[in-house]
Amino acid sequence: MNSKNRRWRSTSILQVLTPIFVLLLTVANAPGAIAQVDTFEFESPQQQQRFRKLSNEFRCPMCQNTNLTGSTGGVAEDLRREIHRMITEGQSDSEIEQFMFERYGDFIFYRPRLRAETVLLWFGPLAFLLIGGFVALGISRRAQRAGEENTELDDKQQARLKELLGSKL
Amino acid sequence: MSKLKYYIPVISFFALALLLWRGLYLDPKELPSMLIDKPMPSFALTTVAGSEVGNEDLPDQIFLLNVWGSYCLPCLIEHPTLMRLSEEGEIPVVGVNYRDRQHLAVEWLEDNGNPFTFSILDEDGRFGIDLGVYGAPETYLVDADGVIRFRHVSVLDESVWEEEFVPAIAALRGVSLSDE
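Line by line, the protein sequences give chains W and X.
With this note's numbering, letter number 138 in the first sequence gets 138, and the count goes up by one each step, no holes.
With this note's numbering, letter number 147 in the second sequence gets 316, and the count goes up by one each step, no holes.
No lab work stands behind these hints, which were simulated from the structure alone.
A portion of the hints provided could be inaccurate.
[Unchecked claim] One side only, chain W facing chain X, incomplete, derived with CB under 10 Å: (1) PRO61; (2) GLY74; (3) VAL75; (4) LEU79; (5) GLU82; (6) GLU95; (7) ARG103; (8) TYR104; (9) PHE107; (10) TYR110; (11) LEU114; (12) ALA146.
Quick reminder that beta carbons are idealized off the backbone N, C-alpha and C, glycines included.
Next up, chain X with everything else stripped away, as it sits in the complex:
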């Protein structure tokens, strides 16, 4: 029993090493969202197209809320994925045009195609603050009751869609992937 205390330094070394080892693989640039399992913040704004929009206009099914801007280069990388998802009817995508200018946003959608059901115009970034956005692109998964369930920071490409969003959506629908 008294010999046990000689192992304490070794045990603490391995405990600390394990902790730091895990720390090596954490991305400090990825902040956890404070809004998980909280309802979408309320808003009454206009869309990029110019019509009035509020929480009641959100889809009453599971949808993606994608934060984008015409200045945002990574948004062009994820754009084909968003186009595919909305064209194939896999999931509705609502946009948040974050810290942009309306005419630039309209041009960008004309040039690259518009995957969004509508895009909420957030020129001054005020709605972004309520969402806890810190830079485009970010994508939120919102359930049919308008509750935020998941957030992905940075590019949403096909592999992120398959590996993170598909399981999260399956969990929300209450089906396991093997049933499909």
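Excised from the complex, chain W in its bound form:
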């Protein structure tokens, strides 16, 4: 009874794990393959390209860590439809970005706009790199200066050293 039970459990774990493993492999190998399929029609390949670029760069407000292209969320579906509408109506990329910003804020951009609120985000890492660079430079300069200083012992120090070492030997 017990062994039968265990056998059943091990098969069921395998049955659960295999599809997950296969799914992980598929996702890892084909990042483009998780795009949602919409049947939008465009007037030109350029428009279609713009649509792809924009829905790749906007973040889905509901699912947080996916872009609009990869999200199955309802709001992502609606926003893809809006992008399509605006592109076919002849609106520019910056007009579409403004539309999104007015409704969902900086959160919607994977590439945030350069504004007073986002300056730290854009240049913070550079500032930290510079601070780190200056500190490293300072340390190495000081080490160099210390290396140039006279490190030889005078006679008195030499005698003391001998005394100390002698007592140990």
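Since chain W is already given, all that's left is putting chain X on it; use the hints.
Coordinates of chain X only, in the frame set by chain W:
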């Protein structure tokens, strides 16, 4: 004075730790609304009941705008609170039936009760986009001039009502809670 620089790493450590500590308690799922202190987006739609509705039909007093759907399970959790608020006449509640189907919305209201003055029918989610909605339930506090003052994402239960909406409404009315 020269000793001060040895404290810089310690000070920066505590500054960073404080920042990250605060970050632990922020909910990344809660997006700030872009519409705070902005007027309600204009709309000309129909209600779930089928009549035409626009901005001029909104209550000319402070009201709640509640985004709901028949598919939305958390909406059932907050439903008793919305029912109480509207039945006791505490505040009018206007609904936005978001990404739903009209017949399902009508059924849901018949089954569970209707706390809404009216519900704006937004089947394709277009009005929701103008509001910056990203999922039901969401509740907006709108003042008498039709300006959005506050948004709460997810369930509005009695404790959220007491802790977030009551003070926000009191602030809008210009009275402090201790006067009441």
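Quick rundown of the hints versus the structure:
1. Contact between PRO61/W and chain X, as hinted, is supported at the beta carbon level, the nearest pair being about 4 Å apart and thus within 10 Å.
2. Checking GLY74/W against chain X: minimum C-beta separation of about 5 Å stays under 10 Å; hint holds.
3. Proximity of VAL75/W to chain X holds as hinted, the smallest CB-CB distance being about 5 Å (cut-off 10 Å).
4. Interface hint at LEU79/W: satisfied, since its Cβ lies 7 Å from the closest Cβ of chain X, which is below the 10 Å cut-off.
5. Annotation: interface hint on GLU82/W holds; nearest CB of chain X at approximately 6 Å, less than 10 Å.
6. Look at GLU95/W: its Cβ only gets to about 15 Å from chain X, farther than 10 Å, so that hint breaks.
7. With a least beta-carbon distance of about 4 Å to chain X, the hint placing ARG103/W at the interface is held under the 10 Å criterion.
8. At about 6 Å, the closest approach between the beta carbon of TYR104/W and any beta carbon in chain X falls short of 10 Å, and the interface hint on this residue holds.
9. The beta carbon of PHE107/W is positioned within 10 Å of a beta carbon in chain X (closest approach about 5 Å), and the interface hint is therefore held.
10. Among the interface hints, the one on TYR110/W is violated; its C-beta lies about 15 Å from the nearest C-beta in chain X, farther than the 10 Å criterion.
11. Here the hint on LEU114/W is broken, as its CB sits about 18 Å from the closest CB of chain X, past 10 Å.
12. For ALA146/W, the interface hint is violated, the least distance from its beta-carbon to any beta-carbon of chain X being 17 Å, above 10 Å.
The structure is inconsistent with the numbered hints 6, 10, 11 and 12, although it conforms to all the rest.
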